[in-house]
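Enquirer: All chains should be modelled from the sequences, with the hints used to inform the complete structure.
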Amino acid sequence: MTDQIKIVVSDLDGTLLPSMGEVSKRNYECLQQLKESGITRVIATGRTLYSAMAVLPEDFPIDYLIFSSGAGIMNWKSKELIYSQQIEAEEVLELSKILIDHEIDFMILDPIPNNHQFWYYKTGNKNLDFDRRLNLYKQFSTPVGNIQDTKRDACQILAILPNKEAWFEELKTKFDDIKIIRATSPLDHESIWMEIFPLHISKGHGCEWLCNRLKISANNSFVIGNDYNDIDLLEWGKHSYVVDNAPHELKDKYQITESVIKDGFAIAVQKVLSECSKTMLKDLHGR
Numbered sequence: 053m054t055d056q057i058k059i060v061v062s063d064l065d066g067t068l069l070p071s072m073g074e075v076s077k078r079n080y081e082c083l084q085q086l087k088e089s090g091i092t093r094v095i096a097t098g099r100t101l102y103s104a105m106a107v108l109p110e111d112f113p114i115d116y117l118i119f120s121s122g123a124g125i126m127n128w129k130s131k132e133l134i135y136s137q138q139i140e141a142e143e144v145l146e147l148s149k150i151l152i153d154h155e156i157d158f159m160i161l162d163p164i165p166n167n168h169q170f171w172y173y174k175t176g177n178k179n180l181d182f183d184r185r186l187n188l189y190k191q192f193s194t195p196v197g198n199i200q201d202t203k204r205d206a207c208q209i210l211a212i213l214p215n216k217e218a219w220f221e222e223l224k225t226k227f228d229d230i231k232i233i234r235a236t237s238p239l240d241h242e243s244i245w246m247e248i249f250p251l252h253i254s255k256g257h258g259c260e261w262l263c264n265r266l267k268i269s270a271n272n273s274f275v276i277g278n279d280y281n282d283i284d285l286l287e288w289g290k291h292s293y294v295v296d297n298a299p300h301e302l303k304d305k306y307q308i309t310e311s312v313i314k315d316g317f318a319i320a321v322q323k324v325l326s327e328c329s330k331t332m333l334k335d336l337h338g339r
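Residue numbers (our numbering): 53 to 339.
Listed next, the in silico DSBU-like pairs over lysine-lysine satisfying Cα-Cα at most 30 Å (straight line): (1) Lys303 / Lys216; (2) Lys149 / Lys203; (3) Lys231 / Lys290; (4) Lys174 / Lys216; (5) Lys290 / Lys305; (6) Lys131 / Lys267; (7) Lys224 / Lys190; (8) Lys303 / Lys323; (9) Lys231 / Lys203; (10) Lys178 / Lys149; (11) Lys305 / Lys267; (12) Lys203 / Lys216; (13) Lys131 / Lys290; (14) Lys174 / Lys231; (15) Lys77 / Lys290; (16) Lys129 / Lys314; (17) Lys267 / Lys129.
Cβ-Cβ distance ranges computed for the label pairs, FRET-style: (18) Pro214 / Gly90: 45 to 53 Å; (19) Glu222 / Gly176: 15 to 23 Å; (20) Lys174 / Asp296: 32 to 40 Å; (21) Ser89 / Pro214: 43 to 51 Å; (22) Lys203 / Glu74: 37 to 45 Å; (23) Asn271 / Val107: 30 to 38 Å; (24) Asn271 / Gln191: 43 to 51 Å; (25) His241 / Lys129: 28 to 36 Å; (26) His154 / Pro109: 35 to 43 Å; (27) Glu287 / Gly176: 34 to 42 Å.
Just so you know, the hints here were simulated from the structure itself, not pulled from any lab data.
Where a beta carbon is used, it is the ideal one built from N, C-alpha and C, also for glycine.
Expert: Shown next as structure tokens:
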């Protein structure tokens, strides 16, 4: 049986949405055309719900929003929250102790849907990217006064590190039974954001959960991303692409399309849909 695309999943920043830009006309129209073809359209982003809704108009042409790297899922048309997960307070306390012991700056994001609100711990060491995020969301932030302040339910913990991959990998080994996702900072495009979630959380798992609900097979999926936090998504999808502005490690492993500023999303979608149609016609003629 030929693969037929029934669901298209795209990362947002750097894949569909350029830095300091907006979704291109061609990419926007591609999303509209997918609806006409009966294909489910999903954005899977590391952004919180608050942050995603700040850049996506209410009538943006998608069906579902997977946000916070898979910790939450929203039905976009009804704006109904259909899935959310959190780390329990006791575990947040233990994770915080490890980060404090290693002199790491971090933020504890409140449970969904209020995960734009957070508590933060700052070592006092220079960390411009941490300061930048703190200033962006200052009105939603509360400083950690003592260790007991960290004993709280959380959507995730966000640690902000310098761009030193070896340090990130070493730090990762300090944690057990928890999901660690690496992302490149969307603010300075250099620092490493170490995102800590419940063990089963990722964009790929979010897609799996949604597809089970919609009775769609992963074999009928097209996915596209641009960064390390898209790896689980790219591994889950059947037809997986990265835009040309992705890191070399991803471009070495997955199919490549044009960059975010050259309509890479629409080009890859149209290529895969065309290939699937041709294969389907061959199968029909071959019977």
